[in-house]
Amino acid sequence: MSTHTFKPSLPPPVMSVGAMGWMRAHLFSNWFNSALTLLALYLVWITIPPIISWALINADWVGDNRDSCTSGGACWVFIKVRLSQFFYGFYPEELRWRVNLTVILAIVGAAPLFIKAMPRKLRYGAAYLLIYPVLAYWLLHGGILGMTLVETSKWGGLMLTLVIAVVGIAGAMPLGILLALGRRSDMPVVRVICVTFIEFWRGVPLITVLFMSSVMLPLFLPEEVNIDKLLRALIAVTLFEAAYVAEVVRGGMQAIPKGQYEAAGAMGLGYWRMMGLVILPQALKLVIPGIVNTFIALFKDTSLVIIIGLFDLFNSIHQATVDPAWLGFATEGYVFAALMFWIFCFSMSRYSMYLERKLDTGHKR
Amino acid sequence: MNEAKIKHALGEKEMIRIEGMHKWYGEFHVLKDINLSVRQGERIVLCGPSGSGKSTTIRCINRLEEHQQGKIIVDDVELTSDLKHVEAIRREVGMVFQHFNLFPHLTVLENCTLAPLWVRKIPKREAEEVAMEYLNRVKIPEQAHKYPGQLSGGQQQRVAIARALCMKPKIMLFDEPTSALDPEMVKEVLDTMIGLAEDGMTMLCVTHEMGFARTVADRVIFMDKGEIVEMADPETFFSSPKSERTKLFLGQILNH
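These protein sequence lines are chains C and G, in that order. Residue numbers for the first sequence follow the working numbering, so the first one is 85 and each next one is one higher. Residue numbers for the second sequence follow the working numbering, so the first one is 64 and each next one is one higher.
Calculated from the structure, these hints are not laboratory results. In this text the structure is predicted, and so the values were computed from the model without any measurement. Hints are not guaranteed to be accurate.
Claimed, not checked - Pairs of lysine to aspartate or glutamate, EDC-like flavour, derived with a Cα cap of 16 Å:
#, chain 1, residue 1, chain 2, residue 2
1, G, K288, G, E90
2, C, K342, G, E128
3, G, K288, G, D96
4, G, K209, G, E173
5, G, K231, G, E150
6, G, K209, C, D444
Stated by the list, open to error - What the simulated footprint calls covered on chain C by chain G, stretch by stretch (three residues with Cβ under 8 Å from a Cβ of chain G suffice, anywhere in the stretch; the number is not a length):
#, stretch
7, 347-354
8, 357-366
All residues carry an ideal CB built from backbone N, CA and C; glycine is no exception.
One chain only, chain C, in its complex shape (with noise of 0.2 Å):
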């Protein structure tokens, strides 16, 4: 009997590796892809140049009114001289300290979480969830134990923006796992009310929900009865997301396999465990691009608070655009706020790559 000898293996040809084998098969496969991938080159030749001249070569950064914006390109000034009301809307300027104190104790507070060997992750998180909100609305808001009270209708700005977006996000989520659960539940009175819960709020769109809500809500309700325009803002909000999240999750579940549902009944898990310790960590890992896009949607959303008169960061740039001092830099104003915009936007979607990698633990279905 001979024995096998089995073939060593080779390195694969040389076009097919390396930048020119990248180039020839994604860029000049054939002259139909050769001429587009030309014509691509000439579209960014002819458009980005005059962009970055304008944006940075030719940009005004220096002085504090619109005297200083003379040589043609975009005026910076403008945004470096709003900067502080883009950021805080009318928020007291002695007091805006408070705003800065409450995002870095979000940072620093949350920091832990990414430490990979904190002890006692999951209590410290819940002990995060619970102290961390009770702190920002006595920060922000106060008006209790000795700190300046400072009404919500002078918040605004960035900051606004991301109170909006981070409420939300915060009880959307729960919200809509709960509702997400009730939908497929056995019990067909909870899933009756989820179900309709779902499909009131995914029917109507945010906008009139918000009208509604700052516009119609007060017609219905007493007099003295008097609720805060953001607090309703907020309870829209979230409320209207929690609709769209508790389907992207309900999908999550569905594709989780019956075998799931039956292992852990099997060992005699309950409902709650065997929701809490099996489905839903799969599920929700299954989607996190769902989630994220969902939650993307919500932070430009917030944008739209515009109709009930709250001043985020988008009204607070669109309402410097029409100030007379600055009469004429709107291109600017809006570039800042899509600029703003994009970055949290991205940092969201980077964040959500990040997190499905680490998830990942090579079952592949």
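Model the placement of chain G on the given structure of chain C, informed by the hints.
Then chain G, alone, in the frame of chain C:
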């Protein structure tokens, strides 16, 4: 597999009693008048063509399927729709599935400690010690910190067995544990199951591994069309089956 028959003594206690069990899927009568009594330490192999109701039968024992008529008593607890009874029975009955059904988001060790921690409320350290002991028994302690997705099918099934054992069950149910495995991995799983049988575990096993049935089983049950057609000790079952249907079935699976 020509190993000598594993000798053991049966306990006196009746672990499972099924009386006149019927089940329907809609209009379809899947289980017809199933009667079975299993004593402590007894090993039972269920075989039969696909759709004969053998899996459904053992899945009724831990109520992954609901029976509509008849009585099932497991370890002195009657299975009713009372969730407390169902959960009490599930704590004492381990199950191994055809497709392993390991939890892919947890490591092997976490898979094994999940139920002891959350159902039995055993302290974490103790649960991990028990888990490592059983992972040793199924001969994969070195994989404890890997995820199921990184293991071979045979290894996954052995983890699934260890996971079920970590609850220290009184009864183990096996639902075609080797059917989804590559041929090279069937033996390692069967060896694990034989080891379990040697320790006196009460086992009900749906399988087509007739060698396993011959070596391990105290009784072999042949099912067809939702009925128990034949029930006998392995010698009688394989050498002189009574019914024509059993002969036909054995002829088909043994001579290929």
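Hints versus structure:
At roughly 14 Å between alpha-carbon atoms, K288/G and E90/G fall within 16 Å of each other, so this suggested pair holds. For the proposed pair K342/C and E128/G, the alpha carbon gap of about 13 Å is at most 16 Å, so the pair holds. At most 16 Å may separate the alpha-carbon atoms for a hinted pair to count; K288/G and D96/G meet this at roughly 12 Å. Distance hint between K209/G and E173/G is fulfilled; the C-alpha atoms sit about 10 Å from each other, no more than 16 Å.
A threshold of 16 Å between alpha carbons decides the hint, and for K231/G with E150/G the separation of about 15 Å falls inside it, so the pair holds. The straight-line distance between the Cα atoms of K209/G and D444/C is roughly 12 Å, inside the 16 Å bound, and the hint therefore holds. Residues of the stretch 347-354 of chain C with a Cβ under 8 Å from some Cβ of chain G number 8, which satisfies the need for three, so the listed coverage holds. A stretch counts as covered by a chain when three or more of its residues have a beta carbon under 8 Å from one of that chain; for the stretch 357-366 of chain C and chain G the count is 5, and the coverage holds.
The structure fails none of the hints (numbered hints given earlier).
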